[in-house]
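Chains A and B are the protein sequences, given in the same order. When you line the first sequence up against the working numbering, it's residues 1 to 382, in that order. When you line the second sequence up against the working numbering, it's residues 1 to 312, in that order.
Hints listed in this document are in silico derivations from the structure and should not be mistaken for laboratory results. There could be a bad hint or two in this list.
[As the list claims (entries may be wrong)] Cut-off 30 Å, straight-line C-alpha distance, at most; resulting in silico cross-link-like pairs (BS3-like, lysine-lysine): (1) A:Lys-373 / B:Lys-17; (2) A:Lys-225 / B:Lys-308; (3) A:Lys-294 / B:Lys-17; (4) A:Lys-378 / B:Lys-199; (5) B:Lys-108 / A:Lys-227; (6) A:Lys-9 / B:Lys-57; (7) A:Lys-224 / B:Lys-106; (8) B:Lys-209 / A:Lys-224; (9) B:Lys-113 / A:Lys-9; (10) B:Lys-66 / B:Lys-106; (11) A:Lys-373 / B:Lys-133; (12) A:Lys-373 / B:Lys-66; (13) A:Lys-373 / B:Lys-13; (14) A:Lys-13 / B:Lys-112.
[What the hints assert, rightly or not] To give a feel for the contact side, a few chain A residues facing chain B, derived at Cβ under 10 Å: (15) Gly-104; (16) Leu-214; (17) Arg-376.
Quantities reported herein were computed from a predicted structural model and do not represent experimental measurements. Glycine is no exception: its CB is placed at the ideal position from the N, C-alpha and C atoms.
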Amino acid sequence: MHIFTTRLKVLLKTKANIFWAFIFPLLLGTFFQISFGGLSYDSPPQVIDLYVASESLDDSLFTNEFLKLLEEIEITENENLFIINISFKEDQLINKLDDKTIEGYILIDGNNEKINYHIYQNGINQTIVKSIFDQYLQYYQIIKANSSDPVKLNQILNDLNLQLNLIIDEQINTYSAGNSMVIYFYALIAMVCMYSALWGFNLIKDIQADQSDLAFRVSVAPTKKSKLILIYLLAAFIISFSGNMILLLYLKFILGVDLGNFLLVILVVLLGTIAGMSFGGFIGVAFKGNPDVKEGIMSGVILLLSAMSGLMNQYVKFFINSKVPILGYINPANLITDALYSLYYYSDLSKYYFNILLLSIFSVIMITIVVLKVRREKYDSI
Amino acid sequence: MIAKLTNVTKTYKNGVKALNNLSYEVRPGEIYGLLGPNGSGKTTSINVLLSVLNHDKGEVEIFGEKMTPNRYDLKAQIGVVPQNIAVFNELTVYENIDYFCGLYIKDKNKRKKLVEEAIEFVSLHEFRNFLPKKLSGGLLRRLNIACGIAHKPKLIILDEPTVAVDPQSRNKILENIVELKENGATIIYTSHYMEEVEKICDYIVIMDKGEVIASGTKEKLKASIDLGEMIEVEILELENRKILNDIKEINNVYDVIYENTKLIIKSGKGKTNIPEVLQILSRNDITYDSILSTQPTLNDVFLEITGKQLRD
């Protein structure tokens, strides 16, 4: 316990460690948010359940044309945007709204040519619905004026439909822009996980007698090396994972970045932290030379891996994934980004688990090499 | 026997033979000095002794038992003060000593007492809450020592503990080392400062190129060489070089040189030759600023055996 608490103290008092592990990621995340702040990270538009209070239905032109129009709007080819439900009365819908089992309902006032829309929260679906209603209200007077001329009426309705499709496309495009920006945040999470390598690297530096004076001093003490490694590892992991989790919480709850299933995101960060630390350990044991130089090279490599996973330009990631996919599969930063992205974008988790599997394999290989190297207690040179 | 190396050879991958059939034996209660220039194999032999460095052949024993990396029972009785400062910059003086002592002593109360004693021993009580970066070079060296000896080991290995230290701190460190010996510890002390080794060591091994070139007490080592007395005369300008031959005629004198305003006369063992030298100078009307007679040093021993200065 004494060794563990002192180790924690040493790690937490190392200012550079704290800056890179805790502060820098938050600054970068904030910078990204400022840069892409106007964009939405909401979920993509989906089929919308539209509840219409049954008592508000009548035979008026306003109501009939409105319902007809809603039934014809498509989100994709052969897929209607709205599933219209008219089987509940307003008081029932109010209860459902209070229970949050529905997102909203409408009351159509055919006599006064008004649409009342009741919702409990704003989102992309509500924005689309409101845009459609506004557009209809604007067009209705023209519809009414030409209601006796079926040809003209049809032309007007087609025109309105076109306008509405444009509105929906615009909303989708806005969503897509936000959607692609999310990759930068994923790449940031991946980078932070990979920079856990510093902790793994420092662990090796402080344990292997041929790496530092401190490690030499520890090596001549009567404490088992395996015990010391476990203690150092635990201390480093706790701090590193905490730093990564703080970033995650900051992104989700302060910056409002949509990360998808949060438990599965935490799993990615957990495995990403292990992958990063094992990578740092690997660099520590695999190469000889000045530790400062090695650390510099390692930082450069991590930055490159992060760039390849979309940190600086998302098209780099797309290019590598499409042209040289093998590079994507062996790049742990890319695996982290892909796992997060698949969580966000696909309802099927197979792609997520595939990335998680590859990330785990990467860590196992790195850890195996590290264990084989650190097992020895005597060195060829010090 | 406390520590013993027998016919140890170590060759690095680059082909450098760091230890060549090296043998030495440290007896209980002595300060055992390993003296030699940089690269002579002192630290390498210590690393082999501690079983952190592979060696090609030879035997290593500590407390009469074979030393291996897993002999934690033996390691627990050894204190090591490495050549370079090896402390955590993030921990205070107290925390550093406490941490390293904690690798040897699990009992918290016992450790606390030992840490306090170590702080007192190296006179760092005023600096107990200081971070290492706030300490001077001398104080840092003392901290380095405290971290290695706080657990009161039977065998203490100090590898060049006074490098880059001011004279005051150096004296303090040397006093501490003698005190450790008086308290019952056996000490292996490596240095390339012959004055230090001469001052505190009971037994001295002079090393060069991974080999023991001479060993014994300082008296025995000095007695083993031809030099008995060296006379240095400061003469600003010596025009009459004939006197060099006159001096050489003095009984026992075997070498006379004049360079850089210094006349250096080396003679073998026996009575001092100062009166004869003064007579010759007076007879030839040569004025001098100072005259000094010195006894042989370990550097002279090293010089006579290897033909080079210890600090070359």
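Do the hints match the structure? See the list:
For the given pair, Lys-373 of chain A sits about 25 Å from Lys-17 of chain B by alpha-carbon distance, which is consistent with the 30 Å threshold. A threshold of 30 Å between alpha carbons decides the hint, and for Lys-225 of chain A with Lys-308 of chain B the separation of about 43 Å lies outside it, so the pair is violated. Restraint check: the Cα-Cα separation between Lys-294 of chain A and Lys-17 of chain B comes to about 28 Å, which is no more than 30 Å; the hinted pair holds. About 34 Å separates the Cα atoms of Lys-378 of chain A and Lys-199 of chain B, which puts this hinted pair outside 30 Å; it is violated.
Distance check on the hinted pair: Lys-108 of chain B and Lys-227 of chain A sit about 19 Å apart at the alpha-carbon level, within 30 Å; holds. Note on Lys-9 of chain A and Lys-57 of chain B: the hinted pairing is violated, with a Cα-Cα distance of about 42 Å set against a maximum of 30 Å. A C-alpha spacing of about 14 Å is found between Lys-224 of chain A and Lys-106 of chain B, which places the hinted pair at or below 30 Å, so the restraint holds. A threshold of 30 Å between alpha carbons decides the hint, and for Lys-209 of chain B with Lys-224 of chain A the separation of about 34 Å lies outside it, so the pair is violated.
A hinted pair counts as satisfied when its Cα atoms are at most 30 Å apart, and Lys-113 of chain B with Lys-9 of chain A qualifies at roughly 22 Å. Proximity of Lys-66 of chain B to Lys-106 of chain B is assessed by CA-CA distance (about 25 Å); at most 30 Å being required, the pair is judged to hold. The suggested pairing of Lys-373 of chain A with Lys-133 of chain B is violated, with an alpha-carbon distance near 33 Å, which exceeds 30 Å. For the given pair, Lys-373 of chain A sits about 25 Å from Lys-66 of chain B by alpha-carbon distance, which is consistent with the 30 Å threshold.
Between Lys-373 of chain A and Lys-13 of chain B the alpha-carbon distance is near 18 Å, which keeps this suggested pair within the 30 Å criterion. For a cut-off of 30 Å, the pair hint linking Lys-13 of chain A to Lys-112 of chain B stands: about 23 Å separates their Cα positions. A cut of 10 Å between beta carbons decides the hint on Gly-104 of chain A: the least distance to chain B is about 57 Å, and the hint is violated. The closest approach between the C-beta of Leu-214 of chain A and any C-beta of chain B is roughly 5 Å, which is under the 10 Å cut-off, so the hint is satisfied.
The beta carbon of Arg-376 of chain A comes within 9 Å of a beta carbon in chain B, closer than 10 Å, and the hint placing it at the interface holds.
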